[in-house]
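Student: One-letter residues, chain by chain:
There are 4 protein chains.
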Amino acid sequence: MSDTYGKSVTLTIFGESHGPAVGATVTGLAPGVPVDMEFMRGQMEKRRAKGKISTSRTEADAVRVLSGVYRGAATGTALTLVIENTNTRSGDYTKTEELLRPGHADYTAHMKYGGHQDARGGGHFSGRLTAPVVAAGSIFTKLLQTKGVAIATHLAQCAGIDDAPFSGDPARLKEQLDALNAADFAVLDPLRARAMTQAIEAAAAEGDSVGGILETVVLGLPAGLGEPFFGSVESTLAALLFSIPAVKGVEFGLGFGFAGLTGSRANDAFRMQGTRVVTATNHNGGVNGGISNGMPLVLRTVVKPTPSIYKVQQTVDFAAKRNATLQISGRHDPCILHRARVVQDSLVAFGLADLCGQHFGTAWQEGTAWNMD
Amino acid sequence: MSDTYGKSVTLTIFGESHGPAVGATVTGLAPGVPVDMEFMRGQMEKRRAKGKISTSRTEADAVRVLSGVYRGAATGTALTLVIENTNTRSGDYTKTEELLRPGHADYTAHMKYGGHQDARGGGHFSGRLTAPVVAAGSIFTKLLQTKGVAIATHLAQCAGIDDAPFSGDPARLKEQLDALNAADFAVLDPLRARAMTQAIEAAAAEGDSVGGILETVVLGLPAGLGEPFFGSVESTLAALLFSIPAVKGVEFGLGFGFAGLTGSRANDAFRMQGTRVVTATNHNGGVNGGISNGMPLVLRTVVKPTPSIYKVQQTVDFAAKRNATLQISGRHDPCILHRARVVQDSLVAFGLADLCGQHFGTAWQEGTAWNMD
Amino acid sequence: MSDTYGKSVTLTIFGESHGPAVGATVTGLAPGVPVDMEFMRGQMEKRRAKGKISTSRTEADAVRVLSGVYRGAATGTALTLVIENTNTRSGDYTKTEELLRPGHADYTAHMKYGGHQDARGGGHFSGRLTAPVVAAGSIFTKLLQTKGVAIATHLAQCAGIDDAPFSGDPARLKEQLDALNAADFAVLDPLRARAMTQAIEAAAAEGDSVGGILETVVLGLPAGLGEPFFGSVESTLAALLFSIPAVKGVEFGLGFGFAGLTGSRANDAFRMQGTRVVTATNHNGGVNGGISNGMPLVLRTVVKPTPSIYKVQQTVDFAAKRNATLQISGRHDPCILHRARVVQDSLVAFGLADLCGQHFGTAWQEGTAWNMD
Amino acid sequence: MSDTYGKSVTLTIFGESHGPAVGATVTGLAPGVPVDMEFMRGQMEKRRAKGKISTSRTEADAVRVLSGVYRGAATGTALTLVIENTNTRSGDYTKTEELLRPGHADYTAHMKYGGHQDARGGGHFSGRLTAPVVAAGSIFTKLLQTKGVAIATHLAQCAGIDDAPFSGDPARLKEQLDALNAADFAVLDPLRARAMTQAIEAAAAEGDSVGGILETVVLGLPAGLGEPFFGSVESTLAALLFSIPAVKGVEFGLGFGFAGLTGSRANDAFRMQGTRVVTATNHNGGVNGGISNGMPLVLRTVVKPTPSIYKVQQTVDFAAKRNATLQISGRHDPCILHRARVVQDSLVAFGLADLCGQHFGTAWQEGTAWNMD
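Residue numbers (numbering that gives the first Met the number 0), protein chains in the order written: chain A, 0 to 372; chain B, 0 to 372; chain C, 0 to 372; chain D, 0 to 372.
Source of the hints: derived by calculation from the structure; they are not laboratory data. A couple of the hints might just be wrong.
Copies of the same chain look alike in the list, so a pair counts if it works inside one copy or between any two.
As the list claims (entries may be wrong) - Think about it this way: if two alpha-carbon atoms lie no more than 30 Å apart in a straight line, the pair counts; the simulated DSSO-like pairs of lysine-lysine are:
#, residue 1, residue 2
1, 173, 320
2, 310, 320
3, 320, 49
4, 51, 6
5, 49, 141
6, 141, 6
7, 6, 146
8, 320, 146
9, 51, 146
10, 49, 6
11, 6, 310
12, 51, 310
13, 51, 320
14, 310, 49
15, 146, 310
16, 141, 320
17, 146, 173
18, 320, 6
19, 173, 49
20, 310, 173
All of these numbers come straight from a predicted model, not from anything done at the bench.
Isolated chain A (complex conformation) (with noise of 0.2 Å):
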């Protein structure tokens, strides 16, 4: 069950890049919870192809619902939504078909399907199948803000350009949130996102591209998701993100940072705030043995620079088994990060909304927000 994650509530994904459609079903769902599909077009808009600094394949990206809605809500039935193909262009691949394109799973999907996979556009490989993750995902992300749970993703890095940190504050760190959702290019400084955007312009011109780190943040979430060792927030959420195309490394709080200190540097103390317990720090990142502490969880992703580039590489023809060059045509993203961001949104919702029907029961979708006091 490749295609298929997660214990509480499920979400499959189907559908190859050329072929007739891509989709998603959830089930799980408890009875009742809505289904907005201006919200799911909004989060569907924020991953569309924009400008000089995405390709030029755009698709109208229209989400058909064919199960498991009745009156704008979750039955509690298998949902099944569907997204058609409409703008394939697949002769831009043919001439191409056996030149293996470095960096791309055309030769891992040789040696695993043997053959039979559709490699026009890379297959089931293909960054489209994201499509359906976030309209999916716009469900979870949805249900979770009437929970009282915020979730937004930034920029961190981008073509080695650094986006400003977070704020310590939580007040103006939920703006920050509020702000990345209604953005375009989600980053925090609006400067940066210039120099960021001119970054990757400079590299689709030389036909190359960039890559860098997603941070999300989760403002909100309650204390005591998730499970020791092999559920835990952690391993839930990084089975997830590594399911993302081009994403080579995730880590939370300090993550990578927390090798060089030593325990009385890295631990978060507890302090009572009124009622609640909380860390004086959060280099934890909101997890504590792999189980959510009530602070914010935080997050970074590491996402490869698109492989599809435009200058010639060196590879392997794989009908000729000879050594040869490719030049990759066809119409390709020179920077992925800015549409990136609500999939990895939309995934983080998702598991986090399968830990929480594993804590609370399907009950938990149903009602208003937690009281964490």
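Position chains B, C and D against the provided structure of chain A, taking the given hints into account.
Tutor: This is chains B, C and D only, laid out in the frame that chain A set:
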């Protein structure tokens, strides 16, 4: 099933640090797979506490097999192994039971289990649960060895001191893996080993602790393992690795080093090597599109400094719901990296065995090495 | 994941009777498995409503494959197929929406989904959901055929009329299976077919309905499939068969006929047949200790009479919470056995394919028939 | 994961009849659920062999809890319990190890495990594995009792002799369930008990064995449990019940008695009873559309006669691959129904607890009885 992981093979762990025993159940082993108790003992020995750089609590860690083994081989039905807890001194914990230890799961366990958890020694959250992980993992490590797959981990960084890097020469690399697996303190450069040990002892002398980075290399893995998206090699291994207490980040290949690169620098060119397809560089750490490509698998985890330190710390008395100070007594590790590396090896072995089973079926466990040419 | 079943292969179904579409997703197919759309159409045709013995709601039931098939074969990634609902007359239901139909899921759906269910036409509980089961199942039925495994079901009893029993002669038995699979109304004795048809029509004329027993035989199955306890052949197939609406009992071999026997009468003696081990009798229906023994698999389900009848019935008005009477209108089947038999075939095929995958790995789907000698 | 079952709670069993121990692991228990060792012992006692109607192998069956229980209650982490095998006489089996016992799993185990199975005493296929099922099941039986759910099973038929039927009067029915749970030999009519016992002894005297039917009634179950299709109450319980060695059929409500009825006879009319919806009859055995309707759950299994008989039987020498005769020695049950009924209770309790957990979340395990009005 938060204590269970795996699809074609499963691993379930149970037990509490100061309960009667800890143990593990493995399902999905092919009938006839050898269970080498001598090899298991050797792996357990690597995990044992030794010298001034470890806790003074030592356990015999004798593994008793309750089921699933007959005449030295797996029967194919559930294999359960148990390790009795013999050297427990719960008294060390009672006086501070309500004083939440910073960096530990005391608070989150309270929030998750509502006071019903066995809090003594961390209970189910204890690093002691990694003992059955190593015992069970030894079966998979050995099994992969018979297929020509070698796994080894070194302390790439400890207490701020870097080890030498792995060799780029395949023959030399294999020697390095063998040496690491024969070593007590797994580093590539003996001089760095001495420096690390001294740094750990110095931290211990101050009642403090240190962290670092564990880097694992796997040789001999066939191409084609793993799945696009949720079942990727990275997702599968990361979920396992994040279940190691103290791991706060996981990366593959260049990992976070990808952030600043361009696509033209980051892509691994394909080349023919005889009849095999290889990559000229291995920035992707042996994984493309979530699937193994036959190159060495390279991954790193960051291990935060042990949270149990002897310095006075600020915390909260959870019963009285007020601020307090805590000075931890008991027996604790000033560094766990040298013990944790075999836990990492074990979980990687288990995860890869699971992926092999998904790809090749149970039959992969039988017969001899893959012919990769 | 209540809408998903399976381990090595999975089947997920979605949709509501009067929603936009019904469909299914299959995962775990080996790359290259043929997807024979012509065979699929034939199987769908067996399930279609026909004549006076079926509902007058007829659907074209055109199956559209959205993903997972390329050049006529499975890619190995999620295969989703969709059947649009075209002939819906929801008006038939609105006036009785709150009058619970006896024998149906109207009441239990209310209690489970709290009013959020799509109640039109039974919604997700509708027999219409068996359409995608047959479509998806056809892939497995065909696959097993290529391995030499034949599956067929007859109406062993319908409206109180018994069909002739299966032949004890293997060659004749195989002919009977082929004949059943070619027949519209699957009985072994044509005279009984006429009697059953007349009995169904007579019941229909009175606004009533009939039930019966479906008996399935599977030939050519290798020994060694299934597991002791929870994964037994019986457990796996029963869980699937009880998901057919109206099935209230499942038995294997002599089934409930075992109750009055002694061990000496019930045991199947083993005998050598050339180099193969066979049993002299087949009271156990091809399964010992939960595992297939290579003899014909024999199972029976009881299908209760269709609860939708046109007679006046006593019931409850769920909105008003008071007793009421109900006279069902709309279009309904006076008997579903002749349509359900291909649903039973399909679920048996799916269940066996899953067990084969667990035993042989994905690779079993490739190549040719097993050599059972 | 063939040795594991369940979604919200899981049950894993391990062990072989003549290995060191048998045991079980339970996950998903809510923290704080009482683990009543006295009640567990009582349930184990019901399963113990007693008198001439059972095997002379008796085991102390002392249950040792290794993990997951602290201060008399579940911690919420994996609960493992172990029962040592003490009274093993493997010598009884060695001489016939290659003579396949008819009706047993000797042959199929060979075909599945290729000779690596522990064949002594049936190994993992042994009825001895039901001991940990009862031990673990007692936790769920007790838990359901505290919610007002009562479960009991009687020998509805044994050796061809029918017990009296359950009463249709609710108050009397509850008394009957209590009496069954207090009885050693679970029948409703003491005269039939004597007749059955005599018939078992008569069969035993001839070296033969008998079978029968176990009927279970569950009172107090809330409406709304289970799922349409694959997760139906019937699917969930049937998969568990078919894992009992010797069960060859499962039916709900009228079961196979539905075959000859018309819809107008079979349908259960809904009626108001105060503010509750009930059915006038209970032909569907408490389940509509796969979901509990609040009426008594009624199910029956058929238990084939114990295959271990002392008469000379025809069989095959699997090593020599030739026909042979077999006379079984050792210690065996001439009838298992009176011991198996508590196994059936235990599995039903486990299955219902799992369905409750899926519907209500873990929280259902806490607090008191449901308010069903």
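Student: All the hints need checking, so say for each whether the structure fits it.
Tutor: Evaluated hints:
1. 173 with 320: between (55 Å within a copy, 27 Å between copies)
2. 310 with 320: within (22 Å within a copy, 62 Å between copies)
3. 320 with 49: Close neither inside one copy (38 Å) nor across copies (52 Å); limit 30 Å.
4. 51 with 6: neither (40 Å within a copy, 43 Å between copies)
5. 49 with 141: within (24 Å within a copy, 46 Å between copies)
6. 141 with 6: Result: close both inside a copy and across copies, 20 Å intra and 26 Å inter.
7. 6 with 146: Cα proximity of residue 6 and residue 146: in one copy and across copies (20 Å, 26 Å).
8. 320 with 146: between (56 Å within a copy, 26 Å between copies)
9. 51 with 146: neither (37 Å within a copy, 49 Å between copies)
10. 49 with 6: neither (35 Å within a copy, 40 Å between copies)
11. 6 with 310: neither (43 Å within a copy, 41 Å between copies)
12. 51 with 310: Intra 18 Å, inter 55 Å, cutoff 30 Å: intra-copy only.
13. 51 with 320: neither (36 Å within a copy, 56 Å between copies)
14. 310 with 49: within (22 Å within a copy, 54 Å between copies)
15. 146 with 310: neither (48 Å within a copy, 39 Å between copies)
16. 141 with 320: neither (50 Å within a copy, 34 Å between copies)
17. 146 with 173: Answer is within: at 15 Å inside a copy they meet the 30 Å cutoff, but 43 Å across does not.
18. 320 with 6: Answer is neither: 43 Å inside a copy and 34 Å across each miss the 30 Å cutoff.
19. 173 with 49: within (27 Å within a copy, 48 Å between copies)
20. 310 with 173: neither (42 Å within a copy, 35 Å between copies)
Of the numbered hints given earlier, the model fails hints 3, 4, 9, 10, 11, 13, 15, 16, 18, 20; all others are met.
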